[in-house]
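Visitor: So you can see what is in the structure, the chains are spelled out below.
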Amino acid sequence: MDSVPKKRKSVSRRAFIQSVSGGAVGAGVVSRLLGKEPRPRPTGPGELEVFEKKRISFTVNGRKVILDAEPRETLLQVLRERLRLTGAKRVCNRGECGGCTVLLNGRTVYACHLLAVQADGADVLTVEGLASGDKLHPVQQAFIDKDGYQCGFCTPGFLLASVGLLAKNKQPTFDEIRAGLAGNICRCGNYQKIYAAVGAAAEVLRRG
Amino acid sequence: MKNFQYGKPASLEQAAAFLGPGDPNVFVMGGGTDLLGEIKEGLVEPAVVIDLKAVPGLAYIKKDKDGVAIGALTTIADLAEDPGIQKDYRVLHEAAAVVASPQLRNVGTVGGNLCQRPRCWYYRDARIVCNKKGGVKCYAEKGRNKYHAVFAGGLCWAVYPSDLAPALIALDAKAVILSAKGERTVPLAEFYMPPIVNVRKENVLNGQEIVKEVRVPQAKANEKSAYLKFIERGSWDFAVVSAAVKAVLSGTTIENIRIVCGGVAPVPWRMTKAEEALKGRKATEAAARQAAKSALKDASPLAENGYKIELLETIIARAVGSLGK
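Sequence order for the protein chains is A and B.
Count along the first sequence from 1, add 96, and you get the number used in the numbering used here.
Count along the second sequence from 1, add 382, and you get the number used in the numbering used here.
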C-alpha cells in the first residue's frame, strides 16, 4: 500500500533525487522512468499465476463472448470499444454517475468501474438486450409513456438501474425508488418523471 | 491506465503465499471499487492485482453460537439485505444500507470497505505529495479542510471514510487476518492506526496480510443499536459525520454504551467520555446531547470544519435517543 505516486513531474524529480541518494531504491525508480515492465514472477506448482492478458468469456444479452482482455480494460471499454455495444455510456468514468450502469448476474454495476476480467463467467445485460424483438421492455415503455427522459444520455443507465431495482423490489414506494436510483445522475433534472416511470413500470410488471 | 498483471487465486492461502515476499507493488482487491479509483487517479501503479473475489467460498454470513461470521468477500449489498443482520444488528444493517450507491454496494465487499483508503482531496490528487504519500506536510491542516478531522489530526487530518467500521467497532467485532505465516484475530477497535503510529497507512495489515472474515459477537437480548449518517447530497456520499451506537439497556436505562463516530478522525473515533457520562442515564436525546456536548470539548476543529462539532452533537443525540424509543 505504501507507494509513492509517480505522475507529478516536480514530485517524481524529488522522489528521484531522494531515491538515487538511496542507492538500490534509485535503480527501481530509474527502471520505472524508462518504462520497464515489472518482471514476471516465477511460478511453481500450486503458485498463483498472473496474466498480462487473460482469456475471458461471458454472456452479453444472451450471446456468449470470448475474448482476450488486458487486466486494465474496464467492462465498459470492452462493451463499447470491442463489442460495439455503445448503449452504456462513458460519462464520469469513475463510478459515480451511473451512465454506464449494466446488470451483472442480475445486479446493477458501474461498467466503467469494473475490470472486464472481473466479469469473467458472468451474465451481462445492457440496454441493447432489454427489448424482445420489437417489443420494448415494460420499463422502456414506461419511460416513453411518462416522459422519463429529456436529452436521453443518462437513460440507458437509468433503465438498467430501474430494471435492477424492480427485480429486487416488486412494489417500491416513492422513497424506495429514489434510494434505488440514487446511483444515477440525470443532469437534465428529470427525476420526478423518471420516478413516475419506474412506479408505472412496477405496476405493469406486477400485472405480468 | 497502465496495464498490470492479474491473478485469480484458487484459494486465500494461495493469495497469501503470493503476498509472502511483501512486494509493495502487489495489491489485493475485493470488489476493486476503491483500488480502481486509485489506479485511475494515478495514486498507485500496481505491478500485480490479485482478485480475491474470484476465490470461491469467501462470501457468506453464517450464524453460530458465538454470533455471526461474515466472509470478507461478502458484498455490502448482501450484508445490507441479510434478514438476520437486520434483526440482530441494526447498526450494521443501517450502516451497510447507506454505503455508497446501489451499484457500488453490489460490487464492494466488507473486507474492501474496511481497508479502503481515505477520501481527502489532497490525498486523492496524484500531484500532491502529502505526509500520507511520503511527503513532509499535511496540506489540509492549513488548506481547505471542510471535510477533515476534528480529532487526532496532526500528521494527517484525513478522516476515515468507512461506514461499516464504526458499526462493527460498536458491536465489538473482530477481524480474522490471514498471511502465509498463519491467522491472527484483531479486534476492529485495534485494527485502525492513527497517523502518529504510521501516517502512510490506516490499519495494522503489514502488506502480506489479508482480511479473511469479520466476527460479530452474539447480540444480547436487551441490546439495541443504530447508525446515523449525515451526508451533504440527497443521494449518496461519504459521511460528513456519522455515529454508530450500541447499548445494553434495562428498560430505557443505559447499562453500558458504545458510541463510535465516522468522518471525524483519521480512525473510527470512540466517544469514551460520552459513553461514561451516559451510563445509568435514560437513553434520551436530551441526555445524549448533554453527554456529547461535554465530550466534544476535546475536539480540535480546523478553520473550516467547526460545523462538524454541532452536527456530531445532534447525530449522537438522535442515534442514542432512537435506542430508548
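You may find that some hints are simply not true.
DSSO-like mimics (lysine-lysine), calculated; alpha carbons at most 30 Å apart, straight line [stated by the list, open to error]:
| # | chain 1 | residue 1 | chain 2 | residue 2 |
| --- | --- | --- | --- | --- |
| 1 | B | Lys444 | A | Lys264 |
| 2 | A | Lys149 | B | Lys422 |
| 3 | A | Lys160 | B | Lys384 |
| 4 | B | Lys661 | B | Lys675 |
| 5 | B | Lys445 | A | Lys264 |
| 6 | B | Lys469 | A | Lys264 |
| 7 | A | Lys289 | A | Lys266 |
| 8 | B | Lys444 | A | Lys160 |
| 9 | A | Lys266 | B | Lys445 |
| 10 | A | Lys160 | A | Lys242 |
| 11 | B | Lys675 | B | Lys528 |
| 12 | A | Lys266 | B | Lys469 |
| 13 | B | Lys563 | B | Lys445 |
| 14 | B | Lys563 | B | Lys583 |
| 15 | A | Lys160 | B | Lys661 |
| 16 | B | Lys675 | B | Lys444 |
| 17 | A | Lys266 | B | Lys444 |
Because the hints were derived from the structure by calculation, they are not lab data.
Please read all numbers here as calculations on a predicted model, not as lab measurements.
Visitor: Which constraints among the numbered hints does this structure fail? Numbers only, ascending.
Guide: 8, 10, 15 and 16
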